[in-house]
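Q: Each chain, written out:
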Amino acid sequence: MKLQNFFKLLFFLLFFLLSLNSVAKESTEDRVKKLTLELRCMTCQNQSVSDSDSDFAKDISKIVEEKFKDGLSEKEIKIFLTDRYGEYILLNPYFNSKNLLLWLFPFVLVIASMFVFFKKIKKK
Amino acid sequence: MKKIVLILPLILLTIICLFFLLFILLEKNPNEPPSALLYKDLPTFTSNNLYNKNINLGSNDLKEKYTLINFFASWCTPCRVEHHFFFEIKKENPDLFILGLAHKDDPNDSKKYLEEEGNPYSFVGLDQDGKIAFEFGVFGLPETFIVNSDGKIIFKHTGPLTKEIIKNEITKLF
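Those sequence lines, one after another, are chains A and B.
So in the numbering used here, spot 105 of the first sequence is number 105, and the numbers just go up one at a time.
So in the numbering used here, spot 157 of the second sequence is number 1157, and the numbers just go up one at a time.
Just so you know, these hints were derived from the structure itself, not from any lab.
All C-beta atoms in this analysis are idealised placements derived from N, C-alpha and C, irrespective of residue type, glycine included.
Just so you know, not all the hints are guaranteed correct.
[Claimed, not checked] Residues from chain A that keep clear of chain B, each with C-beta distances beyond 10 Å, as calculated:
#, residue
1, LYS33
2, THR43
3, ASP51
4, ASP55
5, SER61
6, ASP70
7, GLY71
8, LYS75
9, ASP83
10, ARG84
11, TYR85
12, TRP103
13, PHE118
[Claimed, not checked] Taking lysine-lysine pairs in the BS3-like style, the calculated list, with each CA pair at most 30 Å apart, reads:
#, chain 1, residue 1, chain 2, residue 2
14, B, LYS1163, A, LYS75
15, B, LYS1167, A, LYS62
16, B, LYS1104, B, LYS1131
17, A, LYS58, B, LYS1131
18, A, LYS58, B, LYS1163
19, B, LYS1053, A, LYS75
20, B, LYS1090, A, LYS58
21, B, LYS1152, A, LYS67
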């Protein structure tokens, strides 16, 4: 009976460890997918690395996977890639002082248009 | 007069938009995206010689001299187009060290390619796994870099070199 309990415990332990492993594996794949969707395939026309089958996209996906496995965060991998390929590899550029105009201009445009529009309506 | 005052903000906005659009279009040329490595230090690498794997060359060996680095492959058709220009560059700049890096190519195919087209390189290195090219931010062959004596990358070109590029951009660097 004791031996039976021991095997039961061993089975559950193994099952638990295998489940943990598969969850961790899935998680890395998900992280690779999520990040490569934000990376530009530089040899393609408006495609993300995730959506492309080109050699370049495959290489970048492989590097991203390796870096995640090495314990690097998403931000660190982005820095690693932009150090080599520039910000051009990011489909969404960084929100920094250099790109401030790029990010804020649509809002400025909407506010300015609304201002002119309402001013005109008020006068009418 | 009142009408002009009303329209003026819209005109100004249109002008700003046009300038902004021009700025974006000039910055984002998909054929020649800005290089992250330009005016930065040469990446660290080591490459085995194509003809003798016991001989290798690293980034440290390229210090204190001007070096032209060309990523090529036997399977790359545009590489054949620009290949003969390296003989001309070498002839005009005998002190220039020309490093050819065979990217993701079978060494036998690279040797055959250089037999057919001639070998203008001072050293032909191997980059079979593409790791060196990755460090240089290479994404399409051929790609050419020029490194100055301080070890800084001062020129980068993606695609085959042309006579105009050599005359207007490369020659001025030496």
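Q: Compare the structure with each hint and give your call.
A: Tested hints:
no., hint, verdict
1, LYS33, "21 Å, holds"
2, THR43, "6 Å, violated"
3, ASP51, "16 Å, holds"
4, ASP55, "8 Å, violated"
5, SER61, "13 Å, holds"
6, ASP70, "15 Å, holds"
7, GLY71, "20 Å, holds"
8, LYS75, "17 Å, holds"
9, ASP83, "6 Å, violated"
10, ARG84, "4 Å, violated"
11, TYR85, "5 Å, violated"
12, TRP103, "12 Å, holds"
13, PHE118, "12 Å, holds"
14, B:LYS1163 x A:LYS75, "42 Å, violated"
15, B:LYS1167 x A:LYS62, "39 Å, violated"
16, B:LYS1104 x B:LYS1131, "9 Å, holds"
17, A:LYS58 x B:LYS1131, "13 Å, holds"
18, A:LYS58 x B:LYS1163, "34 Å, violated"
19, B:LYS1053 x A:LYS75, "38 Å, violated"
20, B:LYS1090 x A:LYS58, "36 Å, violated"
21, B:LYS1152 x A:LYS67, "27 Å, holds"
Hints 2, 4, 9, 10, 11, 14, 15, 18, 19, 20 from the earlier list are contradicted by this structure; the remaining hints agree with it.
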